[in-house]
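Those sequence lines, one after another, are chains B, R, Z and C. Residue 1 is where the first sequence starts when you use this note's numbering, and the numbers rise one by one after that. Residue 349 is where the second sequence starts when you use this note's numbering, and the numbers rise one by one after that. Residue 697 is where the third sequence starts when you use this note's numbering, and the numbers rise one by one after that. Residue 1045 is where the fourth sequence starts when you use this note's numbering, and the numbers rise one by one after that.
Read the hints as simulated data drawn from the structure, not as lab findings. Please read all numbers here as calculations on a predicted model, not as lab measurements. Treat each hint with caution, since some may be false.
Pulled a few chain R residues facing chain B out of the computed Cβ check, cut under 8 Å [as the list claims (entries may be wrong)]:
| no. | residue |
| --- | --- |
| 1 | Thr613 |
| 2 | Pro615 |
| 3 | Arg624 |
| 4 | Leu626 |
Quick reminder that beta carbons are idealized off the backbone N, C-alpha and C, glycines included.
There are 4 protein chains.
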Amino acid sequence: MVQAVQARGFAEPTTLVELPDPEPGPGEVLVDVLACAVGLTTRNMLRGDLGDDPRLLPLVPGHELVGTVSGVGPGVTSRWLGQRVTAHFYLFCGLCLRCLAGEEPLCEALEGMLGVHRPGALAEKVCLPARNLVALPEHLDPVGATVVPDALVTPVHVRQRAGIGPGDRVAVLGAGGGVGVHMVQVARLAGASVVGLDVVPAKLSALEDRLGIPALDASDLERVRLPGRWREGADVVVDLVGSPATLAWATRHLAPGGRLALLTTFPGITGSFAPRDLVLRQLAVVGSRHASRAELHAAARLLADGLVDPVVGATGGLPEAGDLLERVVSGAVLGRAAVVVRPVEDQA
Amino acid sequence: MVQAVQARGFAEPTTLVELPDPEPGPGEVLVDVLACAVGLTTRNMLRGDLGDDPRLLPLVPGHELVGTVSGVGPGVTSRWLGQRVTAHFYLFCGLCLRCLAGEEPLCEALEGMLGVHRPGALAEKVCLPARNLVALPEHLDPVGATVVPDALVTPVHVRQRAGIGPGDRVAVLGAGGGVGVHMVQVARLAGASVVGLDVVPAKLSALEDRLGIPALDASDLERVRLPGRWREGADVVVDLVGSPATLAWATRHLAPGGRLALLTTFPGITGSFAPRDLVLRQLAVVGSRHASRAELHAAARLLADGLVDPVVGATGGLPEAGDLLERVVSGAVLGRAAVVVRPVEDQA
Amino acid sequence: MVQAVQARGFAEPTTLVELPDPEPGPGEVLVDVLACAVGLTTRNMLRGDLGDDPRLLPLVPGHELVGTVSGVGPGVTSRWLGQRVTAHFYLFCGLCLRCLAGEEPLCEALEGMLGVHRPGALAEKVCLPARNLVALPEHLDPVGATVVPDALVTPVHVRQRAGIGPGDRVAVLGAGGGVGVHMVQVARLAGASVVGLDVVPAKLSALEDRLGIPALDASDLERVRLPGRWREGADVVVDLVGSPATLAWATRHLAPGGRLALLTTFPGITGSFAPRDLVLRQLAVVGSRHASRAELHAAARLLADGLVDPVVGATGGLPEAGDLLERVVSGAVLGRAAVVVRPVEDQA
Amino acid sequence: MVQAVQARGFAEPTTLVELPDPEPGPGEVLVDVLACAVGLTTRNMLRGDLGDDPRLLPLVPGHELVGTVSGVGPGVTSRWLGQRVTAHFYLFCGLCLRCLAGEEPLCEALEGMLGVHRPGALAEKVCLPARNLVALPEHLDPVGATVVPDALVTPVHVRQRAGIGPGDRVAVLGAGGGVGVHMVQVARLAGASVVGLDVVPAKLSALEDRLGIPALDASDLERVRLPGRWREGADVVVDLVGSPATLAWATRHLAPGGRLALLTTFPGITGSFAPRDLVLRQLAVVGSRHASRAELHAAARLLADGLVDPVVGATGGLPEAGDLLERVVSGAVLGRAAVVVRPVEDQA
Ligand SMILES: [Zn+2]
Ligand SMILES: [Zn+2]
Ligand SMILES: [Zn+2]
Ligand SMILES: [Zn+2]
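Only chain B is shown next, with the shape it has when bound in the complex (with noise of 0.2 Å):
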């Protein structure tokens, strides 16, 4: 038996379950989890707003996971087992263009995903198709890495998708959630001036002192002023927050030749813009879905080089997963907060 946290129902607290020993299938593999991160995303399993088909439950949540193959199901490499890893959130097909593109988030023939659609990682033990395992560095702490799957690659694939490179002025709203303090990690290590904006002023504190980021308080956003050597304005605003206050905002302070980078899928949100205003300014709006396996391995390998701090705030046991998980959702932590399923001292 494994113990695993579960919900009955969406939106229901959960709670920690033993479950059966879960076994490989065909191109499966059989992952004992270190560690695993929750966050944002982790609420929106919960809610249904990945997937609210009544079948999907009970439901074990969490796909940000750091864990080590101890068993292979037919058809699988046994060269996987012992291998510290961790995994793609999508359950793509890995056959289509879009998969071999490295664009697996749009896969053509996508079945949902880690956590949602099938059993997720606030476990002992969890199986995944083999296909969305992506190696790890055995000398990278499994704590810390657990920001590799969502928090970090994230980030990765937007500097690409909006292009963010040396000399750039980079403005991130949200900037001290998890993917925030990743995000302007990553735009500074792009060689890019960033500012970061949120609103909880331990945050700001944090960006300031632990990594070195100037901050902006964003409670009144009308208030807010970019850096008087920024001129023109933002080469790049990415949008965590994706409020139609922050959407316009961000438009707003773009300067010519500016790039907007879109994250959120609230339901129902929607933002207004004037074709004369994109071209006059020569704007892009540019929505970014998440990242492809080399995007992952690319990204632990920023964490091997010592080119970036994971920000993990808070951490506890299986048992605490839900109360972790209150603690990101009311704002109380910097950066990711990550359940430790198995001892450090362990891990060694």
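Please arrange chains R, Z and C with the ligands on chain B, whose structure you already have, making use of the hints.
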């Protein structure tokens, strides 16, 4: 004295007038105009859409010129003398980062446009800043070459902005107009599969018969069907119409990863987008503003190498300029109309 | 039992043999071969150039296959069954960063090549790793589609490596061979002005007559003259011959900013370059190794969309495989030769 | 009269002379020089390597200037007056496709270089074509800013040519020189892991202590070991030394997919390459020639935004120019040396 087309007020009819010979000032050149195209931009000039300060009156419109340099002002190299040229539309500074980076339309010190903020080229002679000039190969037909500075170079820029490449599926809304007939050609030249949409039956026939481009009647957008092979939709939609209806149609028909290129600047038009939609299909909405001098050069080379067929659907002399423009506005002309200022037989 | 082409020693003639029916192992598929192309790479396989370990003998060559999946081994999705497919040439791992980044030929755990390090496709049936498969549209002619996995996809990759785009001037050395006839088409499709060079008169005629590509006789390289309009030289030279003479010619005929694309791997050949020359004209010398699975998909789409004409200059059955290959090596075949394993009338 | 550094013959020592005040001709500006850097290029100028026509004598060398525009010739906008500026090194035409496309060093009508083919900036005043000017922010320290027009802008261009991005592993041969100390910074700014190689112990220490760049002693290239984590080698090697030994080392230490950037133009040096090697590892050898005016702007912005630390290891007045140059050539100076033409206290 030189003959010129002139309007005494915005939205007033143009007349043919005699004006004193222009003299090139410091940094300027004098160009003997051979031909000058007219299109919807010319109409917008005359309506005051691009500048309606009464001090701009009376107005000599026209910016899509081909001519020969016949004089240089102080500080301008005499190498220009006798050179066949066309010109950039914008009165950019030539000094700022934007100008040097090939983003002249985004110039930090933009002083307006040729034909609006200084007398244009619907005249026997015109004075221009030397930095606006772009040399043309001598053997190019001057009437055909009037497509270079706007109708052809605009698509050349869109191709780069929208990332059109081999195998892409591209739909062009407004394909029978001056920019449209060259946009479909540039997209095909880049290796794309292209369809053109328009509402004028004669233009639809001409797209198919003269250019070999599959054409779709867009009179009732709801009934337009993209080719069956384009299962997921278009990789790129270029919207040269820019109405709320075309904007909505375009977004809806983009394939995952698709790009919507915008070029229209009609005041008061607004589009709306759901961030969720742009993110889940990973779309981009891309404004495109005119082009650079380097792209003018490249456009001329496409003509010179026989890779693009310049479509000039109607011609006339300076006295016919007003009539030609009316015919363009009414939708009766395929591609561009050109005013032939000097008889072609004099040009050899 | 299945019929197969086999060589008992390197550089020995091939014979037609009966072999036991292959069985797909874990992660593998069984493919009923419809057709398989042969070219110089097949000859290199048989000479031992791509691997000469005696344990590889006897050898069933062939990697440029089109077929139908008729069986799947453990761990392989049954969705493959009945699917028309082609296959990637390299035995890549599918797991490393290179594989996931679309650089399968640079796989960190490469296990060789199909037709060299495991039995190839000049046989009625062949077993392959499932990850090597790429789906083909059903309506593609299987004989024409044998160009996809090498003769066409190689140029697709070169186009991207060498940055070939609209208006570029491109010269292809060895334009009449299997890769050459598709390289000139892909370059033209990308909007380039193209000339093809070859030494076989019949190939030169065919390039002009069948493909409409200007062709130059390269028998005496010193006397070759690029088109007069290419004043500064070629923006790209693709050298498919790879002799010291062609390498020197290519470098000399590049325009400033030009790229020399290399594809040949003949042992013992060396070129020389002066850094001064590469710097002053800002040239690049670019190696290009095969292609990715995503590019195989893209190549198939070019055929399906009718954008490329597959050139298969000779066909025969399995018993004729050896003769066909001899004719290719002698230079007598335009484009690729294809072994038709199952009669075409059976394929509908 | 103005003071200037002058050489009466190639390879002769320079002397300080008094020359008549220069007058800006048509299209030219007069610049009051604040500071001018000297480096190996200045030495090459004086040796006649960049032009050895006796009619170029006597020679006022120097091209890496910072100054203030104090006069404009006919046809030049008076907006330049009082502007803090630097200048592009090459005497490009400003009219051809290359010039407009940001490839000024490849100008089709290049007339040579500042400090070689017209008097340079090791003087109190210098006249230049206005098109060579690039505006600098007023608050930049003029001595530090002398790195912009060569030592910093060259790496900015190399970064783009060699495609250096986040996570890349970059080795720089000759990292302690004027270009080298900025190349390592620009590569790191772009997100790369960087190591610097040099042969001067004091430079190796300074790279580590001042710039925080890991430095390797390249005195015996055979014994150089790249970091263990760089398993496959370097993604990019920038060879600022350009000897046959460094060229061979660089090629050998490239990872698959790697790029070798060349910048040296020593006559008579030849490298050799095996196409097989470039193809199998899919390498590229990329020449890089100086930079564009747009890149000069971008380099200045990197300084203004505090993203790069300008390294000027030695300074002196005009009378010390010869001594400074000798110290640079002997390898005793970290980074650039700068001649301070006007005392810094006068510059505020
Ligand atoms: Zn898929
Ligand atoms: Zn400007
Ligand atoms: Zn691999
Ligand atoms: Zn030039």
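### Status of the Pro615(R) interface restraint (C-beta, 8 Å, chain B)
6 Å, holds
### Message
A closest beta-carbon separation below 8 Å is what the hint needs, so does Leu626(R) meet it against chain B?
### Response
Holds, because the Cβ-Cβ distance from Leu626(R) to chain B comes to roughly 3 Å (cut-off 8 Å).
#### Entry: Status of the hint placing Thr613(R) at chain B (closest C-beta pair under 8 Å)
4 Å, holds
### Task
Double-check Arg624(R) for me: the hint is only fine if its C-beta lies closer than 8 Å to a C-beta in chain B.
Hint holds; Arg624(R) Cβ to chain B Cβ min 4 Å, cut 8 Å.
The earlier numbered hints are all upheld by this structure, with none contradicted.
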